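Chains as they are written, first to last, in the working numbering: chain X, 27 to 215; chain V, 27 to 215.
FYI, nobody ran anything at the bench for these hints, they're computed from the structure. Some hints here could point you the wrong way.
Note: identical chains are not told apart, hence a pair may lie in one copy or across any two.
[As the list claims (entries may be wrong)] Pairs of lysine-lysine, BS3-like flavour, derived with a Cα cap of 30 angstroms: (1) Lys213 to Lys146; (2) Lys110 to Lys146; (3) Lys56 to Lys202; (4) Lys214 to Lys115; (5) Lys146 to Lys83; (6) Lys178 to Lys113; (7) Lys121 to Lys96; (8) Lys202 to Lys178; (9) Lys204 to Lys178; (10) Lys115 to Lys204; (11) Lys99 to Lys138.
Fair warning: this is a prediction, and the values are worked out from it, not measured in the lab.
There are 2 protein chains.
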Amino acid sequence: MLEDFAKEKSDFLKKSDKSKKGCIDKGILKIINLFNSKSEYYTTSSCAGRIVLLERKSKKKSECDWILTKHSKVAFDEIASSLKKHKIKNEIWLKQQPIILHVACINLDAAKKLLEASRKIFKHSGIISITKRRIVIEIIGNEKVEAIIADKDFAADEEYIKHLTRYANRNFEENKSKSDKFLSIIKKL
Amino acid sequence: MLEDFAKEKSDFLKKSDKSKKGCIDKGILKIINLFNSKSEYYTTSSCAGRIVLLERKSKKKSECDWILTKHSKVAFDEIASSLKKHKIKNEIWLKQQPIILHVACINLDAAKKLLEASRKIFKHSGIISITKRRIVIEIIGNEKVEAIIADKDFAADEEYIKHLTRYANRNFEENKSKSDKFLSIIKKL
């Protein structure tokens, strides 16, 4: 299994990045490099955390238009100008999403070790797939904002969106400091 | 292992309910009874989904005052009157939280079977603990609202809270219909 895992890892890491952004968030690079330097692990997808404006296109939550995506704190003016440029046809949500990482593990022992370490900081982390080839853990942060701010028939006022942005940015920072703690924990793994 | 698991299960199910509410949500009873009727599984905690008003007491997100907790849809008037009665000292968040279930599984095969079935509907479900005694899966829904509505220095206007309540109730229903689908899937396990 060890050799197969090493080969799959090397094949996987050679592939180009398939995410919308096309590259790995700076904020998470140290964590990713650390995992990929260990023979027992490699990362298959990642987001350091972000603040987004989404338009929900249908009942299916996954069908969305991405109006604004920031992998950093956001200024109210950016949100306001994105909204101004956009013709609102459906629900618009402001979301602050935490870190999310998928880590492939060589075996159950390696997965258990990582799971226990992860859950000290990110309590909704869990093993999401077990195959003969690898075990995948999803590590996911706690800080979230999910607030509707407009629809065809209403829009939250500027004052409220300003406040909401402030708390989204505060949570973004909290997510970052927890991610830093997580890095120091996995260094000791 | 089979006998140990059966004994632990029976001991666990004899214990009294430790949740704040003191009983199992009606909305989730069928799912719980189904799991507990199977020799491979039992549930250790559960919430069908809820809509809550929380006051964050400190930086630690877990330290909260629960101002209002509804395991059903909520009327705007209930929210307004809860807010009126409450002296706001800190951040107040309106949250609609999805189903969450912890299920103990007898072994890895039983856990894998349940994990695959769960992730068809609830994609953030995962194995959160593996010990010699049991494996625990956390099943968690997707629908969420997490919006700040007041703090010491501001309050969202009534009109906005009315709209937010409407979407929280809509999500609550979506969570319910997904939970019904989940029930029909685990019936076939």
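Against the structure, the hints:
1. Lys213 to Lys146: within (14 angstroms within a copy, 34 angstroms between copies)
2. Lys110 to Lys146: neither (42 angstroms within a copy, 37 angstroms between copies)
3. Lys56 to Lys202: Result: close within a single copy only, 12 angstroms intra versus 40 angstroms inter.
4. Lys214 to Lys115: neither (50 angstroms within a copy, 40 angstroms between copies)
5. Lys146 to Lys83: between (37 angstroms within a copy, 21 angstroms between copies)
6. Lys178 to Lys113: within (10 angstroms within a copy, 34 angstroms between copies)
7. Lys121 to Lys96: both (11 angstroms within a copy, 23 angstroms between copies)
8. Lys202 to Lys178: The answer is between: 25 angstroms across copies meets 30 angstroms, while 34 angstroms in one copy does not.
9. Lys204 to Lys178: between (37 angstroms within a copy, 26 angstroms between copies)
10. Lys115 to Lys204: between (37 angstroms within a copy, 26 angstroms between copies)
11. Lys99 to Lys138: neither (34 angstroms within a copy, 39 angstroms between copies)
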